[in-house]
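Chains as they are written, first to last, in numbering that gives the first Met the number 0: chain A, 0 to 222; chain B, 0 to 220.
Note that these hints are calculated values from the structure, not bench results. Bear in mind that the values here come from a model prediction, so they are computed numbers and not experimental data. Virtual Cβ for every residue (Gly too), placed ideally from N, Cα, C. Honestly, I wouldn't trust all of these hints.
[Unchecked claim] Interface residues of chain A toward chain B, partial, derived using beta-carbon atoms under 10 Å:
no.	residue
1	Asp-15
2	Arg-201
3	Ala-203
4	Asp-205
5	Pro-206
6	Tyr-207
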Amino acid sequence: MSSAAARTRQERGFSDPFAEDPEAEDREIIADPLEPVNRRIFAFNDRFYTYVADPVTRGYETVTPRPVRRSIGNFFNNLREPFHFVNSILQGRGEDAHHAFGRFVVNSTFGVGGLIDVAGEHLDQRPRNFNQTLATWGVGDGFYIVLPVAGPSSLRASSGSLVDSFMHPFYYQEAEVAVAGRTLEGVNTARPYLREYDNLKRFALDPYIAVKDVYERTGGVIE
Amino acid sequence: MKKVFLISLIALFVFTGVEEVQAMSPDEFIEEKIAEVLAILGDTDPVDAIQADTVQQRLIETLEADFDFEEMTLRTLGPYARQITDEQLDEMIDLFSELLKEVYVNRITGDLADVDGVYEIRAIDVDGFEERRDGTYARVFTTARLYWDDDDYNAKITYYLIKHDDWKIYDFEVEGISLIRNYRRQFDNILARQSIADLLKLLREHIQKEELPDEIVPEFE
Numbered sequence: 000m001s002s003a004a005a006r007t008r009q010e011r012g013f014s015d016p017f018a019e020d021p022e023a024e025d026r027e028i029i030a031d032p033l034e035p036v037n038r039r040i041f042a043f044n045d046r047f048y049t050y051v052a053d054p055v056t057r058g059y060e061t062v063t064p065r066p067v068r069r070s071i072g073n074f075f076n077n078l079r080e081p082f083h084f085v086n087s088i089l090q091g092r093g094e095d096a097h098h099a100f101g102r103f104v105v106n107s108t109f110g111v112g113g114l115i116d117v118a119g120e121h122l123d124q125r126p127r128n129f130n131q132t133l134a135t136w137g138v139g140d141g142f143y144i145v146l147p148v149a150g151p152s153s154l155r156a157s158s159g160s161l162v163d164s165f166m167h168p169f170y171y172q173e174a175e176v177a178v179a180g181r182t183l184e185g186v187n188t189a190r191p192y193l194r195e196y197d198n199l200k201r202f203a204l205d206p207y208i209a210v211k212d213v214y215e216r217t218g219g220v221i222e
Numbered sequence: 000m001k002k003v004f005l006i007s008l009i010a011l012f013v014f015t016g017v018e019e020v021q022a023m024s025p026d027e028f029i030e031e032k033i034a035e036v037l038a039i040l041g042d043t044d045p046v047d048a049i050q051a052d053t054v055q056q057r058l059i060e061t062l063e064a065d066f067d068f069e070e071m072t073l074r075t076l077g078p079y080a081r082q083i084t085d086e087q088l089d090e091m092i093d094l095f096s097e098l099l100k101e102v103y104v105n106r107i108t109g110d111l112a113d114v115d116g117v118y119e120i121r122a123i124d125v126d127g128f129e130e131r132r133d134g135t136y137a138r139v140f141t142t143a144r145l146y147w148d149d150d151d152y153n154a155k156i157t158y159y160l161i162k163h164d165d166w167k168i169y170d171f172e173v174e175g176i177s178l179i180r181n182y183r184r185q186f187d188n189i190l191a192r193q194s195i196a197d198l199l200k201l202l203r204e205h206i207q208k209e210e211l212p213d214e215i216v217p218e219f220e
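Excised from the complex, chain A in its bound form:
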């Protein structure tokens, strides 16, 4: 048995010895006025990940050789460079804009339409989205939103994605092409995220809160 009971009640009150600002942790929590609706969508997503996304991505990984998956990943990453470029400028990050522009030009031409990341050796990808731009401008998260299929987001992040989508080549394609493209992109990249989600869910007493905490610490602003 533990000796914890020996501690007095007062001694059980803790402060974080490493917190520069003890209230900072509370400020990071994103408000969740839609919690009942969000929890329903979360439950739907959970079934979707388990019964649709997991078997589909597993099957995809089995039939698609690694080099092909990587090329497809490169192709979709390349399509994001236009909005990385615009957002880098809006955030005043000149070097990142240079990376996005250089990568897009080099990979689209010498990299066979983006299938090969030939620029990667000299110019690493610096993903900059409109959610980050809004954050740089001082816009708060707003509130927490769980999107169907896509999962955790916030009012600012969802608005940001919408603005980014206008700068994505898919926006200028037929709806069917865009949906097929987005689906393939999702299937191609989802595997590690599904595995992390599964781990988190397995050990959480309340998976909804566990996922929200992870989103608050990493979501949106740092990609």
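Assemble chain B onto chain A, guided by the hints.
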């Protein structure tokens, strides 16, 4: 005079003894623990089901020796630690440490059930450390070099330590996600609506579920 000399000598010995125990700096402590864990993982093939059990058992032994479960439980409870009765607290420490063992072993061995997706830990480098409150607390910054799906990945892991006679780990952060904070948020949410007895019941049920063999033993497709 002789007596004084003798007492001084004994005091010196005791003091040297204490010095030896406390001589290890936080980064040396973490370096040693990392070496122990990597040796366990290096000894065996984690995909082999029987060996996987041995690996898990040995990892749990290191965990029991090096983690401060009491500190972890109290920090997870946060302000509720003052409301809990002594009996409830002792049960909470037992249950929560059971759960943490499962989490820890799972994080280190990768997703054992997913044969094609096991991360390989190439190395963990200690990047530095800082101390607080006269060296009672410390955190050690590390970078784990992982290999998965033909690619190298780096993950930042920070270990939080408290000094008793020796250092003990009371939290770790992977890419900014703190284990204790994540559970504290969950506990807070549950305790805002339900009692401590309800939380204990939830923990008990959760751990019983975790003990089902098909959740621990690797599955092969």
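Results for each hint:
1. Asp-15: Because about 8 Å separates Asp-15/A from the closest Cβ in chain B, which is inside the 10 Å limit, the hint holds.
2. Arg-201: holds (7 Å)
3. Ala-203: holds (6 Å)
4. Asp-205: Hint holds; Asp-205/A Cβ to chain B Cβ min 4 Å, cut 10 Å.
5. Pro-206: holds (9 Å)
6. Tyr-207: For Tyr-207/A, the interface hint holds, since the closest Cβ of chain B sits about 8 Å away, which is under 10 Å.
Of the hints listed earlier, there is not a single one the structure fails to meet.
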